[in-house]
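**Student:** The whole structure should be built from the sequences, with the hints applied where relevant.
Those protein sequence lines, which keep their order, are chains A and B. Take the first sequence: its position 396, counted from the start at 1, is 396 in this note's numbering, and no numbers get skipped. Take the second sequence: its position 235, counted from the start at 1, is 661 in this note's numbering, and no numbers get skipped.
For the record, the hints were derived by calculation from the structure and aren't laboratory data. Misleading hints may appear alongside valid ones.
[To be verified] What follows is a set of in silico ranges between Cβ atoms, one per label pair, in the way DEER data are often shown:
| no. | chain 1 | residue 1 | chain 2 | residue 2 | range |
| --- | --- | --- | --- | --- | --- |
| 1 | A | A260 | B | E452 | 46 to 54 angstroms |
| 2 | B | A744 | A | A136 | 53 to 61 angstroms |
| 3 | B | A484 | A | D281 | 39 to 47 angstroms |
| 4 | A | R73 | B | T738 | 45 to 53 angstroms |
| 5 | B | A744 | A | P419 | 45 to 53 angstroms |
| 6 | B | R848 | A | E208 | 43 to 51 angstroms |
| 7 | A | G4 | B | D712 | 54 to 62 angstroms |
| 8 | A | R152 | B | A686 | 30 to 38 angstroms |
| 9 | B | P528 | A | P5 | 43 to 51 angstroms |
| 10 | B | D761 | A | P127 | 55 to 63 angstroms |
| 11 | A | A18 | B | P528 | 51 to 59 angstroms |
| 12 | B | A562 | A | P102 | 35 to 43 angstroms |
| 13 | A | E257 | B | A744 | 38 to 46 angstroms |
| 14 | A | S80 | B | R499 | 43 to 51 angstroms |
Beta carbons are placed, not taken as given, at the ideal position from N, Cα and C, and that holds for glycine.
Number of protein chains: 2
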Amino acid sequence: MQHGPVRTRSDAQQLDAADPLAGFRERFTGDGPDGTWDDGPGRRIYLDGNSLGRLPRATPAAVARVVEQEWGRGLVGSWSDWVGQAGRAGDALAAGVLGARPGEVLVSDSTSVNLFKLLEAGVDARPGRDVVVCSADEFPTDRYVVAGVARRRGMTVREVPVDVDQGLVLDDLAAVLDDRVAVVVLSLVAYRSGALADLVAVTALAREHGALVLWDLSHAAGSVEVDLSAADLAVGCTYKHLNGGPGAPAFLYVRRELQAELRQPIQGWFGASDQFAMGPDYEPVDGVERFAVGTPPVLATTAVEVGVAITTEAGMAAIAAKGRALTDLLVELADDRLPQLRLASPRDAAHRGAHVSLEHPQAWQLTQALVDHGVVPDFRTPDRVRFGPAPLYTRFVDVWDAVDRLAEILAADDHLRYPATRSRVT
Amino acid sequence: MQHGPVRTRSDAQQLDAADPLAGFRERFTGDGPDGTWDDGPGRRIYLDGNSLGRLPRATPAAVARVVEQEWGRGLVGSWSDWVGQAGRAGDALAAGVLGARPGEVLVSDSTSVNLFKLLEAGVDARPGRDVVVCSADEFPTDRYVVAGVARRRGMTVREVPVDVDQGLVLDDLAAVLDDRVAVVVLSLVAYRSGALADLVAVTALAREHGALVLWDLSHAAGSVEVDLSAADLAVGCTYKHLNGGPGAPAFLYVRRELQAELRQPIQGWFGASDQFAMGPDYEPVDGVERFAVGTPPVLATTAVEVGVAITTEAGMAAIAAKGRALTDLLVELADDRLPQLRLASPRDAAHRGAHVSLEHPQAWQLTQALVDHGVVPDFRTPDRVRFGPAPLYTRFVDVWDAVDRLAEILAADDHLRYPATRSRVT
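**Tutor:** Here it is as structure tokens:
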């Protein structure tokens, strides 16, 4: 989805007219009456779908059906269906989004809990190794989980330096790998810059040293084409580009060939063999379900299934192409019209996910001003405004107008009216 | 709520007429058209609310509001509310159901994950001790989690024998306690027999030996009066007597005075101090939120809040009294009319929760026949039929009719038509 120079709003509208995914916007709830899309000049432009994705129009009815029919009427009898839901949702994610095989992905728990489970399992699978490698700019919860596991096991966390804007350089990873490294934890798409790591090359490099890579796909799933056939372990969230709803259950991936040798630390009954026999001893079930723990969250997983189905229908190739085109447009317009901001993401769309960050010393003030002008980005400490134009419902004209509003704010110094420091979110 | 002998169906109906909680039945969805209650002779009699509680009538609208308004319209802006939801739901549980103080209960994760977190934290708080005590008939996931933690830490699991029907004898616990014991894991209401342990006495006994008791309240929360002011640690589920829905998030309790010294093993960002500062190092936040891990499940927690509110409104004293009266009636009618079955629960209602089990060599066949006759109990291996008449929506006449149908099945040997062994649930 390459495009020529966009010099006017009308140029952006022409890109929308040619967008093969344009129709998917109507599959989501807008901000107008009854969830229609308000396309007027004062409309909200939501560029934070990589923090919390929008609500698919099909979700309320799907959730209501599960609540009212399956729970309200079916009661315990519905468990015959529900017991397979986490695996079915995982298989759908595997096929439509992650490039994994059936039986390799499970929807369960939160990303942080899944990261803990697979990190512990991965470290156990590399006995005698006492180092976990983690990026110096990894997402906080990942760093925290890694630090906690390392502390408890007496392991060392070795940080791989990353360029905060450009992401991981393979040579930097090579420099920290040796035969002490058990697991490398790394986001495929960096949460701050959007930098896209090379899944195949990183995994291959780690394997040369006998280490496992545990990928965090939170910002990648649903925004870039992922081919987990080259990967060993992964986790990720479903409430960003997969539009699964606030706090939606996360997913985990374990390569089929590794499943039998991996055991997770939280031995819950949903990971046990012949669970309802309730035998005296825990024996992990065969397959990816051995990484399940407690009773699965049926209502919330239903919302995940809807989001995954829409993504699958649109197709990851088309979604990723539009993500590159939208962020290309944003970069191009920022170059032209926002000289006060510095691009803090890879310039080459092939090396980033579907979000870009712009650096400015008053980033927090700009974020507040943008929200008051109807543009919703995200602020990343200390000095970046992050824009995530979701390919399924963001138009090129939305990017045009967002940049327009930001240029107006800067021209009028409107952002200086806002507090310079962020108070604690409560 | 004592009652005289119930010799006729009409006697049971008179108990319903005098039941102060009778009106709460209308707060739940029944099996008739549009969720009304079908009170006809062929109606379904659901006695498995201690496996999955019924759907409160208020839940679909509450969930729809969060989905459509808070998520669909509010988008990321709603996090200002959502970020406190787990603690608010916990405080509501603490006040209305658990007898705990504000800031001691958190709704999060699954029961199994919470058990893991608090068990690890509890063991860490008792350095030098290498034994975890667990009941020999503890619920499987609890035994599995305990075994997993013990295996990974090189600890020993010491089983305390329990009478499968009558529950824990305090002297048996005393016999296994010594200064090697770090934590005792025990259900307050036993999942099989319904036997109610003595929270105060058990906790006091364990404290004498310097050990912590980690209570599993899954079958107790919403069925018996709980006073956690005497307890140190607890977890439990919300999809049974609290009617939170299939796979609803669970809860955890940590006594206020213990919170500062306990650290949990899964260092996720929602347990971190000043979370959105996303600082480089994990520092647990003050208070019970330090036992949170990942992004909390907003939709599912909303359903929990509805269930907890109904329970609070009805009042645990009244609910527990009706639970005793319903199970007393069941025991009394079983004595009279089901001589083939043996009571496998404490006979004294003061020593049990709101369910009772009856033993029969063909328990699995009886369970299948009951379901076909519209009575939904639960089967517990190898030879028990478990009846959980939920006080909020089960009537005395339902218990009468359930026993009636079971007596008819037995008289006609109707159950012998069913498979004698249970095939694996898939």
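**Student:** Run every hint past the structure and note whether it holds.
**Tutor:** Hints, one by one, checked against the model:
1. For A/A260 and B/E452, the Cβ-Cβ distance of about 52 angstroms falls inside the hinted range of 46 to 54 angstroms, so the restraint holds.
2. The hinted window of 53 to 61 angstroms between B/A744 and A/A136 holds, with their beta carbons roughly 58 angstroms apart.
3. A hinted range of 39 to 47 angstroms for the beta carbons of B/A484 and A/D281 is consistent with their spacing of about 42 angstroms.
4. Distance hint check: the CB atoms of A/R73 and B/T738 are about 26 angstroms apart, inconsistent with the given range 45 to 53 angstroms.
5. For B/A744 paired with A/P419, a C-beta distance near 50 angstroms keeps the hint of 45 to 53 angstroms intact.
6. As the Cβ distance of B/R848 to A/E208 is approximately 49 angstroms, the hint placing it in 43 to 51 angstroms holds.
7. In this structure the supplied range 54 to 62 angstroms holds for A/G4 paired with B/D712, their Cβ-Cβ distance being about 56 angstroms.
8. Distance hint for A/R152 and B/A686: a CB-CB separation of about 19 angstroms, inconsistent with the stated range 30 to 38 angstroms.
9. A C-beta distance of roughly 60 angstroms is found between B/P528 and A/P5, which places it outside the suggested range of 43 to 51 angstroms.
10. In this structure, B/D761 and A/P127 meet the distance hint of 55 to 63 angstroms, their C-beta atoms being roughly 59 angstroms apart.
11. Restraint check, A/A18 to B/P528: a C-beta distance of roughly 57 angstroms satisfies the suggested window 51 to 59 angstroms.
12. Range check, B/A562 to A/P102: about 39 angstroms between beta-carbon atoms, so the 35 to 43 angstroms window is met.
13. At roughly 57 angstroms, the beta carbons of A/E257 and B/A744 sit outside the given window of 38 to 46 angstroms.
14. The hinted range of 43 to 51 angstroms is not satisfied by A/S80 and B/R499, whose Cβ atoms lie roughly 36 angstroms apart.
Hint check: violations occur at hints 4, 8, 9, 13, 14; the rest are consistent with the structure.
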